[in-house]
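Following the hints, complete the assembly by docking chain G onto the known chain B.
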Amino acid sequence: MAGIYVHIPFCKSKCSYCDFASFPDKLCFAESYMACVYREMAMRESELKNYVFDTLYIGGGTPSVIDEKYIAMLVAAVGKHFKLSPDAEITIEMNPGTVSSGKIALYEKSGINRFSVGLQSAVDSQLEDIGRVHNLKDFLNCAKLLKGKNFNADVMLGLKNQTCADVEKTITVAAEAGASHISMYALSVEDGTPIYTDYLNGELPDSDEVAAMYAAGTGKLAELGFERYEVSNFCKKGAESRHNLNYWRRGEYIGFGVSASSCINNVRFTNTFDLDEYFKCILSGHLAVKDREEIDKTGQEEEFIMLALRTSRGLDLKEFEKLFNENFLDKYAIALQKVTGYIEVNDGFLKIKDRFLFIQNSIIVEFLQAV
Amino acid sequence: MSKKSNIRNFCIIAHIDHGKSTLADRLMERTGQVSERDMEAQLLDSMDIERERGITIKLTPVRMFYKAQDGEEYEFNLIDTPGHVDFTYEVSRSLAACEGAILIVDASQGVEAQTLANVYLALENNLEILPVINKIDLPSARPDEAKKEVEDVIGLDASYAPLVSAKEGTNIEEILEDIVRYFPAPGGDENAPLKALIFDSYYDNYKGVILFVRVKDGKVAAGDRIKTFRSDKIYEVVETGVFAPNLTPKNGLAAGEVGYIAASIKSIQDVAVGDTVVNADNSDVEPLPGYKKVQSVVFCGIYPLDGSRFNDLKDAILKLQLNDASLIFEPDSSVALGFGFRCGFLGLLHMEIIQERIEREFGLEIITTAPSVSYKVIKTDGEEIFVDNPSHLPPVSEIEHMEEPIVKADIYSPPDYLGQIMDLCREKRGVFLEMTYLDKSRVRLEYHLPLNEIIFDFFDAVKSRTRGYASFDYELIGYERSKLVKLDILLNGEVCDALSMIVHEDSAYTRGRMLCENLKDAIPRQLFEVPVQAAIGGKIIARETVKAVRKDVLAKCYGGDITRKKKLLEKQKEGKKRMRQIGNVEVPSEVFMQILKTNKD
Chain B
1 MAGIYVHIPF CKSKCSYCDF ASFPDKLCFA ESYMACVYRE MAMRESELKN
51 YVFDTLYIGG GTPSVIDEKY IAMLVAAVGK HFKLSPDAEI TIEMNPGTVS
101 SGKIALYEKS GINRFSVGLQ SAVDSQLEDI GRVHNLKDFL NCAKLLKGKN
151 FNADVMLGLK NQTCADVEKT ITVAAEAGAS HISMYALSVE DGTPIYTDYL
201 NGELPDSDEV AAMYAAGTGK LAELGFERYE VSNFCKKGAE SRHNLNYWRR
251 GEYIGFGVSA SSCINNVRFT NTFDLDEYFK CILSGHLAVK DREEIDKTGQ
301 EEEFIMLALR TSRGLDLKEF EKLFNENFLD KYAIALQKVT GYIEVNDGFL
351 KIKDRFLFIQ NSIIVEFLQA V
Chain G
1 MSKKSNIRNF CIIAHIDHGK STLADRLMER TGQVSERDME AQLLDSMDIE
51 RERGITIKLT PVRMFYKAQD GEEYEFNLID TPGHVDFTYE VSRSLAACEG
101 AILIVDASQG VEAQTLANVY LALENNLEIL PVINKIDLPS ARPDEAKKEV
151 EDVIGLDASY APLVSAKEGT NIEEILEDIV RYFPAPGGDE NAPLKALIFD
201 SYYDNYKGVI LFVRVKDGKV AAGDRIKTFR SDKIYEVVET GVFAPNLTPK
251 NGLAAGEVGY IAASIKSIQD VAVGDTVVNA DNSDVEPLPG YKKVQSVVFC
301 GIYPLDGSRF NDLKDAILKL QLNDASLIFE PDSSVALGFG FRCGFLGLLH
351 MEIIQERIER EFGLEIITTA PSVSYKVIKT DGEEIFVDNP SHLPPVSEIE
401 HMEEPIVKAD IYSPPDYLGQ IMDLCREKRG VFLEMTYLDK SRVRLEYHLP
451 LNEIIFDFFD AVKSRTRGYA SFDYELIGYE RSKLVKLDIL LNGEVCDALS
501 MIVHEDSAYT RGRMLCENLK DAIPRQLFEV PVQAAIGGKI IARETVKAVR
551 KDVLAKCYGG DITRKKKLLE KQKEGKKRMR QIGNVEVPSE VFMQILKTNK
601 D
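Taken in order, these protein sequences are the chains called B and G.
In terms of the working numbering, the first sequence opens at residue 1 and continues consecutively.
In terms of the working numbering, the second sequence opens at residue 1 and continues consecutively.
Excised from the complex, chain B in its bound form (with noise of 0.2 Å):
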């Protein structure tokens, strides 16, 4: 498995909670913004000659911001210089407030076959406390486009003043205009945020109701037939995101555009955060790579560890042994002692029960230990 992530960093505004690449100043600039995505996407050509992808993913930011044609060029550009498997999966996110029909159609045109809408929270104050573009309705206006359609709906939790009726309500919202796939998130606080104040405060919700959040959320998901695959993502049978399952499985993915991420041959490289270093490198015909790491073998088993137990498959035994010579029952042996009662091994799966999912980090650190 291989994937291609493109980075758009536009938006309308920023949300309050936003630490990502994205500058809603910048709008104007999208159109050379893509003639560089589209030149860097020339230089790695020959080296990716052999891959054949199976996903693309365009991210942002907010992708549907930018004039559809841009995406639809994009899609075109990927064809032209990457060896694209015909089934692939093609994703792009969206935030409703900046949706249409003709939009949509165009992107489906392009090849497009999932997309991803950021509700995170069908309470329109809370939507308006972390400075969302759309409300409630504009959602459901944008859910009544992709009706019948493979979409993700996006949730938050953790947000001020949020209740766990308030995500019950969310995730029902979502499925009931027929979202096939829900990820739901706990608010993740960055210091430089304008939340952060809020965080600082005390005005957000402390991790036990973050805890309680989640419970409730993982519960209505059940009910309403949403599988859980992994800890934020839920799907109804099949509607798994291919594209972030190569992720949690150490698959190979190549990024473009300002601050997206690879890794190739077990060497990880992020672009730079910079949108005019970004410009600059590309226009001087050099590629914009900013961190650089090489991942040994003792790196690579560490990943494969701590992005499996992300899932609910768990680690693959068989694999783990295949990829590095060891059994990890045996290897592990001691720290498994230690986390007996949170994990199950079935089927020649190793998992994280369910309901630990959600302090995975305490049980994953004990096998890291153990490298």
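Zero decoy hints are in this set.
Taking lysine-lysine and the DSSO-like style, the derived pairs with C-alpha atoms no more than 27 Å apart in a straight line are: (1) B:Lys160 <-> G:Lys547; (2) G:Lys565 <-> B:Lys338; (3) G:Lys577 <-> G:Lys314; (4) G:Lys567 <-> B:Lys297; (5) G:Lys67 <-> G:Lys250; (6) B:Lys297 <-> G:Lys577; (7) B:Lys297 <-> B:Lys351.
Note that these hints are calculated values from the structure, not bench results.
Structure of chain G alone, referenced to chain B:
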């Protein structure tokens, strides 16, 4: 070599902060020992900790030459000494090497607790005392009252005391002349067999153990064969020298002189401060009297953070002891902390300094347990034992009764704060003895206090309740019968031996409750709920609960997040290394020190 009659060996004694090190600096500058250009504030305080905290911990000797008004040149050997109550031992060591002592009294603060303690030490050693009134440059200086206090409280004639400002360098000349005039020249016989008192030592990686000595009789020079009373090993002197103020080689030391001897002594255990160096070929002499041996009053366990570094810790403690004979230790082990040492100190500051020196000078990370005092336990079979480690306390059924160490405390304060001080002493189970008005602005309070009540934060409390105006000193006066109990802490049902402490019955409940509350906050949430209980005997007296962790996850983990997630887990992994496993509960090393804060309100 100076004539013996032109040598003056003296030290400076004072209450902490009265300007001892500054005066020493000034004397060195005036005698040309260091040029003004090279002058670095508090030259003799060479340890980082000393300069940072502005205190003197170690005594430091230095030699100076002074051309007096009588036209003669004199050799001065000054031994700078610490002022804090904890370091009385260091002071007594330097006193034994001197004939005179300059007593500094702060012109605005007058006689303080420690001043008195040091004066008595000096008198015990038959030293000539020269009072000096310092800090006359301060607006609040009242030199006449200070002089009167010296006469009234100490009973010394202060009429001739020089009035100086060490900071500004005023009247330093007068002190130099007084040193020549008032301090006697050293006695001793150059032609008698060698006898030199070791008053300090330290380990040099190239030269081995360096002995700081005061030669009382005879001579010593490179090539001489020497031995000490402690071991029978014979060493050949490689180098002798003086403190100028750095070690400066000088061929030979004779009776009356202060200097150092290097003799390729590799074994740290072979040397004891207070011992006498004699000539190996002529060793049929009596050792010099050592000096007042001081008893440890505070004890704590010191363990390496990384259990595999036990031997490094041992090496560090041995080397520190060479330099600081008042540090005592013995190997110890704890279920919770593994192998380490039980160490005895002269006081809390001394304990803190040692801990800090181990960490800084030897790069070792350590865990220390709550400080304890030494209790006397009278067993039912009549046997009397001393216990300073709560986990070594015999079972209750074998204890007839227990006694705790009591101190006599002198507190000097302006009258405005009497109420606060008396409240504090009452809280600490103090027994009021006497109150004396020294003058209208200063009162001396005398109390009997249990030592275990003052080892935690009494000093800080005195200072904070009196805005820093009061000073405090204490001396151990004996043991008193007391209702003491062992307070245990149970984590998830298991006793954690490193957290046990001996407390007075009346304060056990409060202490137990506070400990549980502190521990609840200090112990990170685990995968399961952890009850934290305090117990006396088998009886639980307080309980708190560390809730189970409910959220510990990086919610989002896609391509670019993987590095971040890895770093996060790496940090968590590092954090775990600083944890100690008690039963199945992981406890951060800092928690063992947390106990110290229980008395803070």
